[in-house]
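Asks: The lines below spell out each chain.
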Amino acid sequence: MKLKLSINQQFYNTHIDGDESLLDVLRNLGFKSVKKGCDTGACGVCSILINGEPTLSCQFLAARAEGKKITTVEGLGAKADKIVKAIINEGADQCGYCGPSLVLTIYAMKKELKDPTVDKIKHFLAGNLCRCSGYEGQLRGIKKYMGVK
Amino acid sequence: MRFDKFIRPDNLQTALKYLQKDKDAVILGGNTFLRLSERKYTLGIDISNLKLDYIKESKEDIEIGAFTSLRTIETDPIINKYFSELLPESVKHLIGVQFRNNATIGGAIYSRLGFSEINTALLVLDCELEFEDHGRISFNDFISSPKIKRDILTKIIVKKQKGKSTYTMMRNANSDFSILSVAVSNFGYINIAVGNRPALAKLPEKAMKLINSDNSKLDETADLVAEELSFGDDLRAKSSYRKLITSVLVNRALRKVLL
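Quick note, the sequences are listed as chains A and B, same order. 1 is the number of the first residue of the first sequence in this note's numbering; add one for each residue after it. 150 is the number of the first residue of the second sequence in this note's numbering; add one for each residue after it.
Simulated from the structure, these hints should not be mistaken for lab results. Do not rely on the hints blindly, as some may be mistaken.
Covered stretches of chain A (chain B as the covering partner; in silico rule of three or more C-beta atoms under 8 Å from a C-beta of chain B) [stated by the list, open to error]:
(1) 1-10
(2) 61-72
(3) 76-88
(4) 124-133
Once the Cα atoms are required to be at most 27 Å apart in a straight line, the calculated DSSO-like pairs of lysine-lysine come out as [said to hold, decoys possible]:
(5) B:Lys-189 x B:Lys-230
(6) A:Lys-110 x B:Lys-241
(7) B:Lys-205 x B:Lys-170
(8) B:Lys-366 x A:Lys-2
(9) A:Lys-36 x B:Lys-154
(10) A:Lys-69 x A:Lys-79
(11) A:Lys-2 x B:Lys-205
(12) A:Lys-35 x B:Lys-241
(13) B:Lys-166 x A:Lys-2
(14) B:Lys-189 x A:Lys-36
(15) A:Lys-149 x A:Lys-110
(16) B:Lys-230 x A:Lys-110
(17) A:Lys-120 x B:Lys-154
(18) A:Lys-114 x A:Lys-36
(19) B:Lys-241 x A:Lys-69
(20) B:Lys-241 x A:Lys-114
(21) B:Lys-189 x A:Lys-2
(22) B:Lys-366 x A:Lys-114
(23) A:Lys-114 x A:Lys-79
(24) A:Lys-122 x B:Lys-230
(25) A:Lys-68 x B:Lys-154
(26) A:Lys-110 x A:Lys-69
(27) A:Lys-2 x B:Lys-200
(28) B:Lys-205 x A:Lys-114
(29) B:Lys-166 x A:Lys-149
(30) A:Lys-69 x A:Lys-114
(31) A:Lys-35 x B:Lys-189
(32) A:Lys-143 x B:Lys-241
(33) A:Lys-110 x A:Lys-79
(34) A:Lys-69 x B:Lys-154
(35) B:Lys-205 x A:Lys-111
(36) B:Lys-241 x A:Lys-120
(37) A:Lys-2 x A:Lys-69
(38) A:Lys-143 x A:Lys-85
(39) B:Lys-205 x A:Lys-69
(40) A:Lys-4 x B:Lys-154
Glycine is no exception: its CB is placed at the ideal position from the N, C-alpha and C atoms.
Using the sequences provided together with the hints, build the complete structure.
Replies: In structure tokens form, the structure reads like this:
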């Protein structure tokens, strides 16, 4: 079937199977920052923003994404810089595989949490697994970015 | 899960017509658990255009559209106003925000999933389900016997009640499925539900009768729940362990709503 997707404020026309996941379609379109991890909805590395909300692209049908605003980390541009810097400054980027999804989720979290605390941050990011288990370093950087002591 | 054709109807009647016409058609809700199956369908019917994503409050009830995400259940101010200790608690530890933005309440209910914690929580409420074809049925009736097939769940109607309700569970790791879930409500009558046994949530009738006849019999009731219900083994826990922690969790939950 034909599909017109709005990704990072640009339109892409493509052909897909009706049961294809948005993850596969995005990667086929060249958005390699969207990683394929567990492909079962558990690890979070395929996270993207759909209409601003963090969503697992492995579970989201591409056909359902028509008419929605899709954002990958490429689309954040300079908005990602502060987040990336906060993580790098703590040496917490490690292998980088979970980085794009983590940055997107942190970006959404900053918009949503009006009164952030360490517990709220941990809860919001519970679905972003890091295969290097670099959580402590990540948390130090994220706390600084979120202005939490 | 695979399917040959995809359609996105813009009204319920059309969606139902396709579903009932083709026995190999499938309703696509949050698509979180369904997509893990190996089954192949002829037709996927996407219900995301049916305007079933809402939470409305009326004088007597709260209506939840079947396509409402578990994340919305977790954060919605109306839900939190009336059932903050119950419904949001039953979904907030499920995997992550990204997962809960996809998973829908209708999918959890219609699939009658044993590991679905929100089913445990809904069981202690005065709750009805509305189906496009069959009309209304109590949540307990639907959960207890799979009478309704080839239909579309449209909304969940929860009666507003005065009193206390609480939810507690045990899980091996944060964000994993729980190995046991317990919900208790006290709206004049005490309801107890135990889920993730790992079978579907159930009300222990004898134990409920006991605690409602004498509110001081907390320990006896908690022990009776463990005796009355059956438990199974899975990757996460053995039945003997589930049975042991049932009385502990039920006891804690009863204390929250009674003391």
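Asks: Now tell me, hint by hint, if it's right for this structure.
Replies: Status of the hints after comparison with the structure:
1. 1-10: violated (count 1)
2. 61-72: Answer holds; 3 residues pass the 8 Å Cβ test.
3. 76-88: violated (count 0)
4. 124-133: holds (count 5)
5. B:Lys-189 x B:Lys-230: violated, 42 Å
6. A:Lys-110 x B:Lys-241: holds, 19 Å
7. B:Lys-205 x B:Lys-170: violated, 32 Å
8. B:Lys-366 x A:Lys-2: violated, 64 Å
9. A:Lys-36 x B:Lys-154: Holds, because 25 Å separates the two Cα atoms, which is no more than 27 Å.
10. A:Lys-69 x A:Lys-79: holds, 17 Å
11. A:Lys-2 x B:Lys-205: With a Cα-Cα distance of about 36 Å, the restraint between Lys-2 (chain A) and Lys-205 (chain B) is violated, given a limit of 27 Å.
12. A:Lys-35 x B:Lys-241: Within the cut-off at roughly 25 Å; holds.
13. B:Lys-166 x A:Lys-2: holds, 24 Å
14. B:Lys-189 x A:Lys-36: holds, 22 Å
15. A:Lys-149 x A:Lys-110: holds, 15 Å
16. B:Lys-230 x A:Lys-110: holds, 24 Å
17. A:Lys-120 x B:Lys-154: violated, 41 Å
18. A:Lys-114 x A:Lys-36: violated, 31 Å
19. B:Lys-241 x A:Lys-69: holds, 25 Å
20. B:Lys-241 x A:Lys-114: holds, 18 Å
21. B:Lys-189 x A:Lys-2: Answer holds: Lys-189 (chain B) to Lys-2 (chain A) is near 22 Å, not above 27 Å.
22. B:Lys-366 x A:Lys-114: With Cα atoms ~44 Å apart, Lys-366 (chain B) and Lys-114 (chain A) exceed 27 Å; violated.
23. A:Lys-114 x A:Lys-79: Holds, at about 18 Å.
24. A:Lys-122 x B:Lys-230: holds, 24 Å
25. A:Lys-68 x B:Lys-154: holds, 21 Å
26. A:Lys-110 x A:Lys-69: holds, 19 Å
27. A:Lys-2 x B:Lys-200: Distance ~24 Å between Lys-2 (chain A) and Lys-200 (chain B) Cα, so the pair holds.
28. B:Lys-205 x A:Lys-114: Satisfied, since the Cα-Cα distance of roughly 24 Å is no more than 27 Å.
29. B:Lys-166 x A:Lys-149: violated, 56 Å
30. A:Lys-69 x A:Lys-114: The hint holds at about 23 Å.
31. A:Lys-35 x B:Lys-189: holds, 26 Å
32. A:Lys-143 x B:Lys-241: Since the Cα atoms of Lys-143 (chain A) and Lys-241 (chain B) sit roughly 21 Å apart, the hinted pair holds (cutoff 27 Å).
33. A:Lys-110 x A:Lys-79: holds, 12 Å
34. A:Lys-69 x B:Lys-154: holds, 24 Å
35. B:Lys-205 x A:Lys-111: holds, 25 Å
36. B:Lys-241 x A:Lys-120: holds, 11 Å
37. A:Lys-2 x A:Lys-69: holds, 17 Å
38. A:Lys-143 x A:Lys-85: Within the cut-off at roughly 13 Å; holds.
39. B:Lys-205 x A:Lys-69: holds, 26 Å
40. A:Lys-4 x B:Lys-154: It holds: about 18 Å lies between the C-alpha atoms, which stays within 27 Å.
Consistency note: the structure conflicts with the earlier hints numbered 1, 3, 5, 7, 8, 11, 17, 18, 22, 29.
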